[in-house]
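Chemist: Protein chains in written order, with our numbering: chain S, 1 to 330; chain B, 1001 to 1330; chain Z, 2001 to 2330.
These are calculated hints, taken from the structure and not from any lab test.
Quick caveat, the model's predicted, so the values are computed rather than measured.
One should not assume that every hint holds.
What the hints assert, rightly or not - Below, simulated DSSO-like cross-link-like pairs (lysine-lysine); rule was C-alpha separation at most 27 Å, straight line:
#, chain 1, residue 1, chain 2, residue 2
1, Z, K2026, S, K37
2, Z, K2072, B, K1114
3, Z, K2072, B, K1072
4, B, K1178, B, K1313
5, Z, K2026, B, K1313
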Amino acid sequence: MKNFITTQNWSRSELQDILDFAIKLKNKPHQPLLKDKSIAMLFFNPSLRTKTSFEVGINELSGTAVILQPGKDAWPIEFGENIVMDGESEEHVKEVAQVLSSYCDCIAIRAFPKFVDWDHDRTDSVIKGFAKYSSVPVVNMETIEHPCQELAHILTLQEHYGDLTGKDYLLTWTYHPKPLNTAVANSSLLIASKFGMNVSLLCPSEDYLLDDRYIEAARENCALGGTSFDISYDIDTAYSNAEIVYAKSWGCLSFYGNTDKQIASNNQYKHFIVDEAKMSLTKNAVFSHCLPLRRNVKATDAVMDADYCLAVKEAANRKHVQKSILSKIL
Amino acid sequence: MKNFITTQNWSRSELQDILDFAIKLKNKPHQPLLKDKSIAMLFFNPSLRTKTSFEVGINELSGTAVILQPGKDAWPIEFGENIVMDGESEEHVKEVAQVLSSYCDCIAIRAFPKFVDWDHDRTDSVIKGFAKYSSVPVVNMETIEHPCQELAHILTLQEHYGDLTGKDYLLTWTYHPKPLNTAVANSSLLIASKFGMNVSLLCPSEDYLLDDRYIEAARENCALGGTSFDISYDIDTAYSNAEIVYAKSWGCLSFYGNTDKQIASNNQYKHFIVDEAKMSLTKNAVFSHCLPLRRNVKATDAVMDADYCLAVKEAANRKHVQKSILSKIL
Amino acid sequence: MKNFITTQNWSRSELQDILDFAIKLKNKPHQPLLKDKSIAMLFFNPSLRTKTSFEVGINELSGTAVILQPGKDAWPIEFGENIVMDGESEEHVKEVAQVLSSYCDCIAIRAFPKFVDWDHDRTDSVIKGFAKYSSVPVVNMETIEHPCQELAHILTLQEHYGDLTGKDYLLTWTYHPKPLNTAVANSSLLIASKFGMNVSLLCPSEDYLLDDRYIEAARENCALGGTSFDISYDIDTAYSNAEIVYAKSWGCLSFYGNTDKQIASNNQYKHFIVDEAKMSLTKNAVFSHCLPLRRNVKATDAVMDADYCLAVKEAANRKHVQKSILSKIL
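In isolation and in its complexed conformation, chain S is listed as follows (with noise of 0.2 Å):
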């Protein structure tokens, strides 16, 4: 039994067959691989593009998707051990894994942190309690990681570019008026390092850097695969080399938990939306945004109407790459 919670357990081989796999499955969508299969997709946290691709594809393989909402229509869940359990959540991971597990053959799981204690929602605990009780196969709809959508990413570079070894990747902060969860930008880390890339991460500040499992996880993923990774807090020389430019805004670490604080320092850096200016000073670089984007603030309209804007590509391999994964681990 294999989970599929973080790339990072899986060799670059074993992905690029799933890659290879949903580019199978794009080509001929329709296969009973799900066949009396059920997926469990448990939702703490609100989605479009991960709702419908997964249930879409999910039945494209004859399978069956349920969709479950804790804490809005069914109960609110507790994930610590040995708790006298007197607040407010009414019943144990244990057991809804274990009781999942007995009616179907998949738990999907999306739960962002809390954005209270970095150093608590970096423990995962809620995918990580799933994946200690269940007795069938986990699978990360976005906690503090976002694997499905790192594979989706790949697929779409490589439709572009081919091989991707060698490939200067730019992972820029972009603005947002909201401190968002940092699991996209530490997947764009995690796999754009496994897969043969020179990685450069631009921040406004160290304020903005990205826990140091990711940065290290990177760094080591770089220089086994013989790149370069480093850090950026200039515009200008972090876009003149990019080929790829990947835009993400997050909430920086340094102010977690105080939400005020955090606006106030986003709103110091509005001028790192991606714009033409600034996609003109790479080399013709593509660019992707996992979606959801808001136009004129993260990028602005002439960038995501570009042809060099991957970004609806990128969510439409969401379907493919699901599928394949789901085919592989069930």
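Fit chains B and Z to the known structure of chain S by using the hints.
Modeler: Using the frame of chain S, we list chains B and Z on its own:
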């Protein structure tokens, strides 16, 4: 590719084809006409009949229905063009429509007006935005018109009367404590006039006249069909000729956006309730309503429980006409 | 046509047939017994196990499940007769039941009591309203009884013990910080007495006695089966004979509607928690609970993690008995 957004874009014979096929589906409900097809159903507003009839109907045709609730379990969406998206919306319809088009074969939308500014609401910007950017057919599950209800309404009347040409049709405003959507009333005028009936609109006062667009469309349809169209403010006169009484409550456009004033206005006209006394003035008319219906507010128990009440039959026909529509456009 | 609303309308041998067929479905889960059948599932209250087990189970039998949440994503419903509907409800159960009956082959309902007035709540007006007006079978997914849970409970006990006749069965109240539904407790009395066991009910005080209807039904079932029924307020005595301990918390009917008083009352009885000391008094009893369960509040970690705890197995059996029920009545 053909959208199903308004019956005005469809000829009477095209619509009759849909109705004729609906009867065939009613007699043989399970046919694999939507095999390997997925329909994304976006609900910006609540639904019982629409959700159930579409979801069951799609399954009866071997298709897949995915339910999405933007702003609730999906992200809020922006519909304006060239907007700096620094408000509540997290993504633009342009991306949403393109991405959903990549996952699904059809996008169905329920989006009531906002009840603030009729000049804006009458542009029907939500479904128009999806229609503009989708590469798959878009179906109206009620916005400022309700074309699926129209077809269920006509099918039910045809089952009762056969050919409807020349029938005397009354659309009457009826009381409700809240100012409601004009969609079904607009739709009633459009479809009754298109199917060759003499159409009367009964309102409490000029404040309750429907938008000119629909009055004029009905007038033109009637002129084309050689039938009459008139507006009345007198209950007895209006009911006296009717062979069909269709009731609906709607908020008056004169005070649109001013809920208190609309409610105060409605409260003057509680006597517009459909009761046995009014029905006894008609030419043995049948009665119908789109549901939901507040008993003893919009219509009395006696009317709702009478043999001449077709409301439940009309609701039941929703499933059949919708299956027929989807079979035609997909 | 047969509803499944209370096990009291079913004979022990009819129920045993359902259980026997559940075992067959457990061994061969995928059978097209609900092909071309649709089940509308109405959730007036949250659910994890019920929703998932029904939805997966229906799909395993090739049927279609439609999830509805009246008052959330569907309109609020009126259940009274001859009411002037000028309150919150937008439609009457008479129309809802008839319309859903036209779309679907079965209506399943979860509707907890309102916890205001037990004299009203004990009439079970929601599901009774649906049963009155539906033309398709109605299934109880928990109202003031929980018959699906009953069958899962019995199946699990039969898997452990074989024939249950003459077994000593204890239903014990257990602590919870909030006043909960009596449904599972009522159901426990009904089914344990029907299946030939000696039934003891352990309460903290007379305030916690269940409704006479259920006490009397259990007494009669026991009398018919030649077994004993007794009520105890003494923990040690009650546990000392038990071969089966079933725990449930419920709000005391004496203070029904007065949540503060119920909570204050509950708080006196935290020592009713099921722990190893109490379990050691029994005749090697098995323990079970319907879930959700607050660990270390209703039962200790040690009890929940013991081999004699059947709670997860009972939850898993929900799917099998429900599939069996639907197969029998559709």
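Chemist: Confirm or reject each hint.
Modeler: Hints, one by one, checked against the model:
Taking the CA atoms of K2026 (chain Z) and K37 (chain S), the gap is about 15 Å. The hint holds against a cut of 27 Å. Proximity of K2072 (chain Z) to K1114 (chain B) is assessed by CA-CA distance (about 18 Å); at most 27 Å being required, the pair is judged to hold. Simply put, K2072 (chain Z) and K1072 (chain B) have alpha-carbon atoms about 11 Å apart, close enough for the 27 Å limit, and the pair holds. Distance restraint check for K1178 (chain B) and K1313 (chain B): the Cα-Cα separation of roughly 26 Å lies within the 27 Å cut-off, and the hinted pair is therefore satisfied.
A threshold of 27 Å between alpha carbons decides the hint, and for K2026 (chain Z) with K1313 (chain B) the separation of about 40 Å lies outside it, so the pair is violated.
Violated hint: 5 only; the structure is consistent with all others.
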